[in-house]
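Turn these sequences into a full structure, and let the hints guide you.
Protein chains: 2
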Amino acid sequence: MSAGKFQSFHPPQRTLMGPGPSDVNPRVLEALSRPTIGHLDPMFIKMMDELKEMLRYAFQTRNEVTIPISAPGSAGMETAFVNLVEPGDKVIVCCNGVFGKRMVENVQRCGGEAIIVEDPWGRAVDPAKVEAALKANPQAKILAFVHAETSTGALTDAATLAALAHQYDCLTIVDTVTSLAGVPLKVDEWQLDAVYSGTQKCLSCIPGLSPVTFNERAMTKIKNRKTKVQSWFMDMNLMLGYWDGGKRAYHHTAPINPLYGLHEALVILSEEGLENSWARHRTQHLALKAGLDELGLELVVPEPERLPQLNAIRIPAGVDDAPVRKKLLDVYNLEIGAGLGESAGKLWRIGLMGYSANSRNVLYCLSALKTVL
Amino acid sequence: MSAGKFQSFHPPQRTLMGPGPSDVNPRVLEALSRPTIGHLDPMFIKMMDELKEMLRYAFQTRNEVTIPISAPGSAGMETAFVNLVEPGDKVIVCCNGVFGKRMVENVQRCGGEAIIVEDPWGRAVDPAKVEAALKANPQAKILAFVHAETSTGALTDAATLAALAHQYDCLTIVDTVTSLAGVPLKVDEWQLDAVYSGTQKCLSCIPGLSPVTFNERAMTKIKNRKTKVQSWFMDMNLMLGYWDGGKRAYHHTAPINPLYGLHEALVILSEEGLENSWARHRTQHLALKAGLDELGLELVVPEPERLPQLNAIRIPAGVDDAPVRKKLLDVYNLEIGAGLGESAGKLWRIGLMGYSANSRNVLYCLSALKTVL
Chain F
1 MSAGKFQSFH PPQRTLMGPG PSDVNPRVLE ALSRPTIGHL DPMFIKMMDE
51 LKEMLRYAFQ TRNEVTIPIS APGSAGMETA FVNLVEPGDK VIVCCNGVFG
101 KRMVENVQRC GGEAIIVEDP WGRAVDPAKV EAALKANPQA KILAFVHAET
151 STGALTDAAT LAALAHQYDC LTIVDTVTSL AGVPLKVDEW QLDAVYSGTQ
201 KCLSCIPGLS PVTFNERAMT KIKNRKTKVQ SWFMDMNLML GYWDGGKRAY
251 HHTAPINPLY GLHEALVILS EEGLENSWAR HRTQHLALKA GLDELGLELV
301 VPEPERLPQL NAIRIPAGVD DAPVRKKLLD VYNLEIGAGL GESAGKLWRI
351 GLMGYSANSR NVLYCLSALK TVL
Chain D
1 MSAGKFQSFH PPQRTLMGPG PSDVNPRVLE ALSRPTIGHL DPMFIKMMDE
51 LKEMLRYAFQ TRNEVTIPIS APGSAGMETA FVNLVEPGDK VIVCCNGVFG
101 KRMVENVQRC GGEAIIVEDP WGRAVDPAKV EAALKANPQA KILAFVHAET
151 STGALTDAAT LAALAHQYDC LTIVDTVTSL AGVPLKVDEW QLDAVYSGTQ
201 KCLSCIPGLS PVTFNERAMT KIKNRKTKVQ SWFMDMNLML GYWDGGKRAY
251 HHTAPINPLY GLHEALVILS EEGLENSWAR HRTQHLALKA GLDELGLELV
301 VPEPERLPQL NAIRIPAGVD DAPVRKKLLD VYNLEIGAGL GESAGKLWRI
351 GLMGYSANSR NVLYCLSALK TVL
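Quick mapping for you: the protein sequence lines, in order, are chains F and D. All residue numbers for the first sequence refer to our numbering, where the first residue is 1 and numbers rise by one. All residue numbers for the second sequence refer to our numbering, where the first residue is 1 and numbers rise by one.
Misleading hints may appear alongside valid ones.
Identical chains blur together in the list; that is why a pair holds if it fits in one copy or across any two.
Okay, derived cross-link-like pairs now, BS3-like style, lysine-lysine, Cα gap no bigger than 25 angstroms in a straight line [as the list claims (entries may be wrong)]:
id, residue 1, residue 2
1, K90, K135
2, K141, K90
3, K228, K46
4, K326, K101
5, K228, K141
6, K226, K90
7, K247, K346
8, K46, K327
9, K5, K46
10, K247, K326
11, K46, K326
12, K223, K327
13, K5, K186
14, K129, K90
15, K370, K135
16, K228, K90
17, K327, K90
18, K129, K226
19, K346, K370
Hints are computed from structural coordinates only; laboratory data are not their basis.
Next up, the structure:
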């Protein structure tokens with residue numbers, strides 16, 4: 001078997017305004033190329049400790065258990081489910097887009113029973129339906145929902161749902177992949193129990209890591225499991241020994257350089273300040289919205305439930321989805337997102353996440369769209 | 001909750017001669033910082049196709065299913081087990097170090113029954129014991145073993161074990177985390193069925209990805225499972241749709257920049273040539289061995305079973321483990337590995353992996369050791 005003729009890959013310089021990855025801050029890209037050190041090196045452990053502290057700030061929590069999982073957001077989701085769901089557990093799952101459906105799949109693969117609360121795609125989760133489900137299923141142990149649905153751009157009221165869940169003695173699993181750093185997210189104030197996110201959205205880091213935070217209630221349930229966590233790689237008990245700077249018990253080998261990138265992204269966030277980051281996303285969203293209005297393009301999600309960082313637009317009648325996106329990519333090096341699942345071909349998703357949420361991107365995107373349409 | 005005062009992290013420049021990560025080639029570090037593009041971008045898909053082709057070369061296989069898992073080697077291990085083991089399956093697991101033990105843990109968490117074949121730490125797996133176990137367990141479906149034990153530096157004869165397994169109608173799961181690109185590994189010629197590896201050893205890429213290759217026999221077993229794969233993230237059926245350039249069905253978001261790094265590492269390997277890479281590891285190992293002899297330091301593994309890329313040394317009587325490693329790190333910026341598990345405190349592990357396998361590292365390590373001891 002011969003080696004073949006391959007050359008270094010030099011990617012084009014795109015403008016990333018899809019559902020993620022977002023444009024990565026050049027400081028983060030530079031951090032990725034810093035010299036690799038060992039994962040048990042005292043300097044690395046110091047970096048990990050800072051990273052955990054900065055993640056606590058981003059999540060607005062004091063949870064001791066706040067770490068990045070060494071794998072993408074979908075593994076963060078699975079980490080929450082495999083640790084908290086035991087075979088036979090009833091889990092109420094809110095479905096208003098692709099990621100709610102994926103949660104159902106996770107519950108079932110853990111041997112749990114998923115009770116589905118459905119809402120239309122493009123709308124927030126309806127607390128009244130959730131309360132009805134909680135009432136109808138007194139044995140339910142967990143309520144799972146997506147804070148910011150990346151497939152549609154709908155923002156759900158996490159504080160209200162968490163309060164309901166606790167009223168009915170349920171823990172919450174909350175997907176904050178797209179919300180972290182883009183809209184207010186207050187893990188402690190809202191008492192969210194097990195929360196996972198991603199790095200490639202409003203943190204403007206590369207994809208491949210999943211920050212998670214688990215509170216005492218969640219950790220108590222995990223420590224009192226009757227069965228072992230089915231995943232060795234995602235077992236929180238093992239992961240904690242690894243991320244404890246004092247113990248540093250070998251589990252896996254952490255992805256050193258991507259963690260440099262996340263560290264830098266969090267330094268940038270702490271310099272800007274969370275509130276300023278939320279405000280910037282909102283400001284740029286309003287600018288985009290004004291431009292879309294002028295172009296006669298309509299947002300799918302009604303105003304109060306709209307995410308600033310993910311703008312789902314109805315594709316106008318008579319316009320073909322793929323050729324428009326192809327032209328934006330080929331001619332303008334501009335990526336916007338297609339619809340996912342049942343909304344494929346029906347909508348575009350314009351992301352304004354992290355470093356991508358700036359005036360240059362907004363004006364460029366509007367001009368390019370105008371020319372292409 | 002305030003932002004705290006954090007600054008960019010600038011790691012020291014270490015020389016990495018532990019069990020991994022190894023020194024990363026500067027070309028790989030540079031590749032990491034290239035501009036991020038979308039994971040559905042046609043340019044990215046082209047890069048993925050090249051990556052798969054180059055991995056086939058590294059593994060010496062024509063297996064269609066040859067991809068990097070978006071998580072570290074331990075997730076590659078789990079991917080092999082969750083896909084191939086169904087509840088109730090008997091799996092013969094060879095244990096001659098830490099990673100065999102981890103395989104047992106994986107079998108059990110999949111609901112399988114592990115039949116353990118034990119060999120002393122620091123020795124290869126004994127084919128006679130394996131044959132006895134295969135004979136005694138006619139219902140066994142899988143034989144799992146580690147080609148190159150990172151915890152001890154022992155090389156096992158994978159071709160012989162695979163032939164035995166097939167004779168007794170078993171599939172093989174083979175850990176090649178430390179062997180890939182460091183010693184001969186011929187997946188097709190040896191008929192290994194499900195094989196996983198890591199990127200941070202002899203490929204000299206960063207940690208965080210796990211190349212795997214599955215042959216037709218393995219894929220047939222997966223496609224005929226009676227139960228769903230318990231992990232959504234690691235389900236090969238879903239992953240294949242994602243890594244198929246034609247379909248590119250959304251599964252997770254691939255870690256874009258680390259994959260640039262792996263692509264570059266594989267370009268470097270194809271430039272050098274596999275045989276040359278194997279020979280270089282052997283040459284540097286012999287140079288190290290000669291120097292260790294002069295220092296009176298003894299290798300743990302007997303000659304024919306010795307890995308060139310991982311040299312386990314008995315800590316001399318009267319010498320304290322930790323202070324020596326600390327001095328090497330603090331004064332010489334040189335990392336060597338400690339013993340793992342039952343060999344903690346008894347041995348050091350000197351890695352000569354990938355970019356670390358060069359004369360400068362060997363001579364530097366020997367001089368530093370001489371000074372410190």
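Consistency of the hints with the structure:
no.	hint	in the structure
1	K90 <-> K135	within (13 angstroms within a copy, 44 angstroms between copies)
2	K141 <-> K90	within (6 angstroms within a copy, 34 angstroms between copies)
3	K228 <-> K46	neither (31 angstroms within a copy, 41 angstroms between copies)
4	K326 <-> K101	neither (28 angstroms within a copy, 50 angstroms between copies)
5	K228 <-> K141	both (18 angstroms within a copy, 23 angstroms between copies)
6	K226 <-> K90	both (15 angstroms within a copy, 23 angstroms between copies)
7	K247 <-> K346	between (51 angstroms within a copy, 20 angstroms between copies)
8	K46 <-> K327	between (46 angstroms within a copy, 18 angstroms between copies)
9	K5 <-> K46	between (42 angstroms within a copy, 14 angstroms between copies)
10	K247 <-> K326	between (51 angstroms within a copy, 17 angstroms between copies)
11	K46 <-> K326	between (45 angstroms within a copy, 16 angstroms between copies)
12	K223 <-> K327	neither (53 angstroms within a copy, 39 angstroms between copies)
13	K5 <-> K186	between (51 angstroms within a copy, 20 angstroms between copies)
14	K129 <-> K90	within (17 angstroms within a copy, 46 angstroms between copies)
15	K370 <-> K135	neither (50 angstroms within a copy, 72 angstroms between copies)
16	K228 <-> K90	both (18 angstroms within a copy, 19 angstroms between copies)
17	K327 <-> K90	neither (47 angstroms within a copy, 54 angstroms between copies)
18	K129 <-> K226	neither (31 angstroms within a copy, 35 angstroms between copies)
19	K346 <-> K370	within (19 angstroms within a copy, 69 angstroms between copies)
The structure does not agree with the numbered hints 3, 4, 12, 15, 17, 18 stated previously, though it agrees with the rest.
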